[in-house]
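Chains A and B supply the protein sequences, listed in that same order. In terms of my numbering, the first sequence opens at residue 5 and continues consecutively. In terms of my numbering, the second sequence opens at residue 5 and continues consecutively.
It cannot be assumed that every hint is accurate.
Put simply, identical chains are the same to the list, so a pair is met inside one copy or across any two.
Keeping only pairs whose Cα atoms sit at most 30 Å apart, straight-line, the calculated DSS-like set for lysine-lysine is [to be verified]: (1) Lys220 x Lys181; (2) Lys72 x Lys124; (3) Lys72 x Lys220; (4) Lys202 x Lys243; (5) Lys55 x Lys202; (6) Lys124 x Lys158; (7) Lys211 x Lys12; (8) Lys183 x Lys53; (9) Lys83 x Lys12.
What the hints contain is simulated information worked out from the structure, not anything from laboratory work. Source: prediction; values computed, not measured.
Protein chains: 2
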Amino acid sequence: MTDTQTPKFPIEVCLTPALWHLYDASDSVVILTDIFRATTSMVAAFDNKVKSIIPVAEIAESLAYKEKGYIVAGEREGKKLDFAHFGNSPFNFMEPSLTGKTIVLNTTNGTQALNMVKGKNNLVAIGAFLNLVAVCNWAMAQNRPIIIFCAGWKGRFSLEDSLFAGAAAEYVLRMGKEKFFTNCDSSIACIDLWHTAKADPRAYIEKASHRHRLEKMGLDDVIDYCLQLNISSCIPVLKKEGIVNIAIRS
Amino acid sequence: MTDTQTPKFPIEVCLTPALWHLYDASDSVVILTDIFRATTSMVAAFDNKVKSIIPVAEIAESLAYKEKGYIVAGEREGKKLDFAHFGNSPFNFMEPSLTGKTIVLNTTNGTQALNMVKGKNNLVAIGAFLNLVAVCNWAMAQNRPIIIFCAGWKGRFSLEDSLFAGAAAEYVLRMGKEKFFTNCDSSIACIDLWHTAKADPRAYIEKASHRHRLEKMGLDDVIDYCLQLNISSCIPVLKKEGIVNIAIRS
Numbered sequence: 005m006t007d008t009q010t011p012k013f014p015i016e017v018c019l020t021p022a023l024w025h026l027y028d029a030s031d032s033v034v035i036l037t038d039i040f041r042a043t044t045s046m047v048a049a050f051d052n053k054v055k056s057i058i059p060v061a062e063i064a065e066s067l068a069y070k071e072k073g074y075i076v077a078g079e080r081e082g083k084k085l086d087f088a089h090f091g092n093s094p095f096n097f098m099e100p101s102l103t104g105k106t107i108v109l110n111t112t113n114g115t116q117a118l119n120m121v122k123g124k125n126n127l128v129a130i131g132a133f134l135n136l137v138a139v140c141n142w143a144m145a146q147n148r149p150i151i152i153f154c155a156g157w158k159g160r161f162s163l164e165d166s167l168f169a170g171a172a173a174e175y176v177l178r179m180g181k182e183k184f185f186t187n188c189d190s191s192i193a194c195i196d197l198w199h200t201a202k203a204d205p206r207a208y209i210e211k212a213s214h215r216h217r218l219e220k221m222g223l224d225d226v227i228d229y230c231l232q233l234n235i236s237s238c239i240p241v242l243k244k245e246g247i248v249n250i251a252i253r254s
Numbered sequence: 005m006t007d008t009q010t011p012k013f014p015i016e017v018c019l020t021p022a023l024w025h026l027y028d029a030s031d032s033v034v035i036l037t038d039i040f041r042a043t044t045s046m047v048a049a050f051d052n053k054v055k056s057i058i059p060v061a062e063i064a065e066s067l068a069y070k071e072k073g074y075i076v077a078g079e080r081e082g083k084k085l086d087f088a089h090f091g092n093s094p095f096n097f098m099e100p101s102l103t104g105k106t107i108v109l110n111t112t113n114g115t116q117a118l119n120m121v122k123g124k125n126n127l128v129a130i131g132a133f134l135n136l137v138a139v140c141n142w143a144m145a146q147n148r149p150i151i152i153f154c155a156g157w158k159g160r161f162s163l164e165d166s167l168f169a170g171a172a173a174e175y176v177l178r179m180g181k182e183k184f185f186t187n188c189d190s191s192i193a194c195i196d197l198w199h200t201a202k203a204d205p206r207a208y209i210e211k212a213s214h215r216h217r218l219e220k221m222g223l224d225d226v227i228d229y230c231l232q233l234n235i236s237s238c239i240p241v242l243k244k245e246g247i248v249n250i251a252i253r254s
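Make a model of the complete structure from these sequences and hints.
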């Protein structure tokens, strides 16, 4: 194909769950991100070859899964749910005993957001810096509009999720320029933030409020891990049975 | 005062009206901005010495004011309301015959946003690039938390309003560093966008979706005017009787 084509599919960024009602995600690919820490932890889990992750929004639902014998992980505002086997640090998900297992996960922002985005006709994938190129390449191959959905913090804009959105949008618009375009101000802003940050994301993220929230709780040991680019080829996608890594299926 | 004080008042940016419910604006100063074009037009009107502007959200209410003999201005999605005397271009508000008059204004985003932000204990001011330093200096002198509220476009993030927010937040945190601090990711992002744009805001704004929306409608003649920095000393503030320029009262 040497012909120049007019780009056909829009790429948009939804900056927080509180803006989700303004987007039409039918027939789209939604890439959900929650860098600190839910989606990074999911990618870490699939790198550790877990079988699937069942995302849950209600605490009672997590408890019911536990009573049925499931491995249950989760937190609220960074703090492990008292009945859960472990919290939401990506390091928790690297435990060798989890290989082949199904994990039920419930987090403050990430799994709540997942519940919002799943629709009849859309495809939902999990994005983190760890698997940015893998998830974007897959999303581009679906030949649909793409929406990058930032989980944020309690409805608010978050710097680290927006940086991911910018990095992903920049990649899609550069590598898929024959197919994708944007006329979405949020995408443009996120791309420019990524340009500002990309030389040293670790230094940039020092400014982020959630980075300080994690530090206060002694949970900031994950930051360097979460900011690593493209160390994973996982493509976690939401299916009926939960989130599975379709990279190992295809 | 030579003592170093711990900054006391937060400054935050609310990126769109759809996020407003996440902010506590009681006892705050809210600086509302809608660069293309409502708040720029208001500043232009006060530079032209209008007496007051009554912001109205409902079309029926504008019509009722017209029947009472008021001068009525307004638009929906850029198009003049058919019964209005004029639309929402700042150039409309420079007409010499408007000096000393009260204008009833109704716009797609700006006056709707004004209706959202007014509360019992807060102060609401109108900000645009034209009066950035004037409105920020006044806001800083109130010794209250500051929230910069971007009117956006139909609930969505807008690049031009966010640039204003960044320029204003940067100014407040620089000039009022003894009193003001931020731990709000939106403020940090907007400041960085402003740093990216400030050498040539006109070139930067070429990327904005609303700039192209205005161009399609033949309304982009206002862009250069709207992006001028600090040509006005107006401080339009919402009072019971409407918006008035308190710079001429003090």
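Structure-based check of each hint:
1. For a Cα distance limit of 30 Å, the shortest separation of Lys220 from Lys181 across copies, 24 Å, qualifies, whereas the shortest one inside one copy, 42 Å, does not.
2. In this assembly of identical chains, Lys72 and Lys124 lie within 30 Å of each other by CA distance solely inside one copy; the values are 28 Å within and 51 Å between copies.
3. Taking the closest pair of Cα atoms, Lys72 and Lys220 never come within 30 Å of each other, the shortest separation being 34 Å inside a single copy and 59 Å across copies.
4. When the C-alpha separation of Lys202 and Lys243 is checked against a cutoff of 30 Å, the pair qualifies neither within a copy, at 32 Å, nor between copies, at 45 Å.
5. In this assembly of identical chains, Lys55 and Lys202 lie within 30 Å of each other by CA distance neither inside one copy nor across copies; the values are 33 Å within and 49 Å between.
6. For a Cα distance limit of 30 Å, the shortest separation of Lys124 from Lys158 qualifies both inside one copy, at 25 Å, and across copies, at 25 Å.
7. In this homomeric assembly, Lys211 and Lys12 come within 30 Å of each other (Cα to Cα) only across copies, at 19 Å, whereas the closest approach inside a single copy is 36 Å.
8. For the identical chains of this complex, Lys183 and Lys53 are neighbours neither inside a copy (33 Å) nor across copies (51 Å), given an alpha-carbon limit of 30 Å.
9. In this assembly of identical chains, the alpha carbons of Lys83 and Lys12 lie at most 30 Å apart only when taken from different copies (29 Å versus 44 Å within one copy).
Checked against the numbered hints given earlier, the structure breaks hints 3, 4, 5, 8 and satisfies all the rest.
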